[in-house]
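Here is what each chain is made of, one letter per residue.
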Amino acid sequence: MWKYLSIAFCLVLLSAGAFGQARPNLYSLPSPYERYTHNVLTLRLAGSLPMGPFSSGYIDKSYIGNYSVSMDWMFREMPFSAGVEIGNDYFKKRIPREVYSSGGQDISAIQTRTLNQYPIQGVFTYHAGPVNSPARPYVSAAVGGAYVDYLNYWGSLTDQRQKFGLSYGLAAGSRFLFGKEGAFGADVRVKYNHTAFKYDYVDKGISHLNVSVGVFYRWW
Amino acid sequence: MGGCSRDPISDLDLADTQVYITNRSNAVDFRQFKTFSVVDSVTLIQNNGSGKILQSTDKAMLTRIIARMVQLGYEQVLPADNPDVGINVTINNRRYDYVVTQPIGSYWGGYYGGWGYGYPSYYTSYVQVSELFWVIDMLDFKHADPSRKQVDVVWNAQIRGEGVYEDALVNNMVDGIFDQSAYLRVN
Chain A
17 MWKYLSIAFC LVLLSAGAFG QARPNLYSLP SPYERYTHNV LTLRLAGSLP
67 MGPFSSGYID KSYIGNYSVS MDWMFREMPF SAGVEIGNDY FKKRIPREVY
117 SSGGQDISAI QTRTLNQYPI QGVFTYHAGP VNSPARPYVS AAVGGAYVDY
167 LNYWGSLTDQ RQKFGLSYGL AAGSRFLFGK EGAFGADVRV KYNHTAFKYD
217 YVDKGISHLN VSVGVFYRWW
Chain B
720 MGGCSRDPIS DLDLADTQVY ITNRSNAVDF RQFKTFSVVD SVTLIQNNGS
770 GKILQSTDKA MLTRIIARMV QLGYEQVLPA DNPDVGINVT INNRRYDYVV
820 TQPIGSYWGG YYGGWGYGYP SYYTSYVQVS ELFWVIDMLD FKHADPSRKQ
870 VDVVWNAQIR GEGVYEDALV NNMVDGIFDQ SAYLRVN
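Keeping their order, the protein sequence lines are chains A and B.
Take 17 as the starting number for the first sequence in my numbering and just add one per residue.
Take 720 as the starting number for the second sequence in my numbering and just add one per residue.
Think of the hints as simulated: they come from the structure by calculation, not from any bench.
Note that the Cβ used here is the ideal one computed from N, Cα and C, for glycine as well.
One thing to keep in mind: the hints can contain errors.
FRET-style restraints, in silico, Cβ to Cβ [what the hints assert, rightly or not]:
1. B/D730 x A/S223: 26 to 32 Å
2. B/K753 x A/D216: 38 to 44 Å
3. B/Q795 x A/E114: 40 to 46 Å
4. A/L59 x B/Q774: 22 to 28 Å
5. A/S78 x B/Q774: 45 to 51 Å
6. B/G770 x A/I102: 52 to 58 Å
7. A/S223 x B/S769: 45 to 51 Å
8. A/D216 x B/N745: 19 to 25 Å
9. B/Q790 x A/S78: 41 to 47 Å
10. A/V204 x B/N891: 46 to 52 Å
11. A/Q178 x B/A786: 41 to 47 Å
12. B/E885 x A/F192: 53 to 59 Å
Some but not every residue of chain B turned toward chain A, in silico, with C-beta under 7 Å [said to hold, decoys possible]:
13. S729
14. L733
15. A734
16. N890
17. D894
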């Protein structure tokens with residue numbers, strides 16, 4: 017009897033020892049995206065809708081085909097990221113021939129109004145929910161500068177002003193992972209952006225709403 | 720999508736690229752003028768100097784200006800018959816014309832030799848790197864001031880853009896500058 021019990025005891029000890037020596041189970045560990053600060057590269061294609069005095073005074077027509085590239089660093093075990101975003105916002109509006117009068121001067125021309133800006137901004141983002149959830153909403157604030165190229169064609173004559181101005185933005189959006197714990201995903205965002213600029217028809221800066229869809233890739 | 724390659728005005732035809740600029744003296748009532756005379760040729764101003772030119776486009780330009788003035792009720796007289804106003808037509812063909820001065824041909828110099836022309840400072844102009852453009856000036860001979868030796872330019876028109884030396888577009892250009900100058904009338 018004792019013999020059998022001692023064998024059983026030894027088996028229990030052995031098995032316990034075996035369990036103790038088992039390698040960590042990879043499938044029960046948090047993913048690397050949760051464990052490490054990791055990188056996210058996002059490409060966005062946007063439609064831009066002019067707003068405020070910029071819209072009423074210069075160009076009120078929206079433009080589809082603007083874009084941006086951003087690089088973000090997702091902080092480990094925190095719902096925040098910091099990054100840099102550069103982009104291009106273009107606007108254009110054609111105004112049929114009209115006579116513009118001022119003092120003793122009258123100018124008859126077809127105006128082709130354009131504005132092109134290249135913002136470069138630092139972005140701080142708060143992300144809601146777990147790192148690997150299929151949909152992860154976020155809000156972000158951005159501040160930086162933008163190179164602005166104001167170019168108003170009077171017929172074929174040009175009235176141009178190029179300047180670097182302070183630029184900031186507020187955005188809300190969501191990321192959607194392609195597959196569980198995948199490296200790729202989609203990004204949808206609405207962003208309000210304002211750039212300080214003052215010249216001729218634009219007297220209170222450039223405001224617009226940027227609606228974008230994009231793709232992102234993340235790695236660590 | 721890139722900003723550098725865009726040409727937002729590539730779809731404009733020649734007439735659409737043209738800009739008609741007119742400046743008037745705010746101190747003048749144009750109804751006081753009854754008679755006018757127009758130069759018999761166009762002054763061509765280039766980088767290397769100026770001269771006279773009278774090709775088909777220039778003739779078309781002068782003819783249309785006379786027609787529009789007569790249509791407005793002004794009477795055309797010879798330069799020697801003391802017109803109330805004189806109309807001078809210049810075509811500028813210049814490069815690197817950063818500071819756009821508005822030179823006046825020497826035609827009227829025969830009558831007002833050595834006189835300067837008074838341009839009010841608000842006859843603003845545009846800066847161009849290279850451009851061919853028309854300048855049409857109306858000179859106030861009625862109030863020529865012997866003490867200042869000056870003739871005031873009471874009306875100034877500039878025709879700029881592409882195709883300004885196309886015969887087919889001349890009437891349209893001249894109509895453009897007259898149509899936007901409703902103050903040019905005799906009563």
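May I ask you to test the hint 45 to 51 Å on the CB atoms belonging to A/S223 and B/S769? For B/S769 against A/S223, whose Cβ atoms are near 49 Å apart, the range 45 to 51 Å holds.
Kindly confirm whether 41 to 47 Å is satisfied by the beta carbon distance between B/Q790 and A/S78. With Cβ atoms ~45 Å apart, the hint holds.
Taking the beta carbons of A/V204 and B/N891, is their distance inside 46 to 52 Å? holds (50 Å)
Should the hint that B/S729 touches chain A count as held when the rule is a Cβ pair under 7 Å? Hint on B/S729: violated, closest Cβ of chain A at ~10 Å, above 7 Å.
Taking the least C-beta to C-beta distance, is B/A734 closer than 7 Å to chain A? violated (9 Å)
Can you tell me whether the CB distance of A/L59 to B/Q774 sits inside 22 to 28 Å? violated (57 Å)
Go ahead and decide if the range 19 to 25 Å is satisfied by the Cβ distance of A/D216 to B/N745. holds (23 Å)
I want to verify a distance hint. Is the separation of the beta carbons of B/E885 and A/F192 within 53 to 59 Å? At roughly 57 Å between Cβ atoms, A/F192 and B/E885 fall inside 53 to 59 Å, so the hint holds.
Determine whether the Cβ-Cβ distance between A/Q178 and B/A786 falls within the hinted range of 41 to 47 Å. About 44 Å separates the Cβ atoms of A/Q178 and B/A786, which means 41 to 47 Å holds.
Regarding A/S78 and B/Q774, is the given constraint of 45 to 51 Å on their beta-carbon distance met? holds (48 Å)
Per-residue hint verdict: B/N890, partner chain A, C-beta under 7 Å: violated (15 Å)
Does B/L733 hold up as a contact with chain A if the rule is Cβ-Cβ below 7 Å? violated (9 Å)
Of the numbered hints stated above, those contradicted by the structure are hints 3, 4, 13, 14, 15, 16, 17, listed in ascending order.
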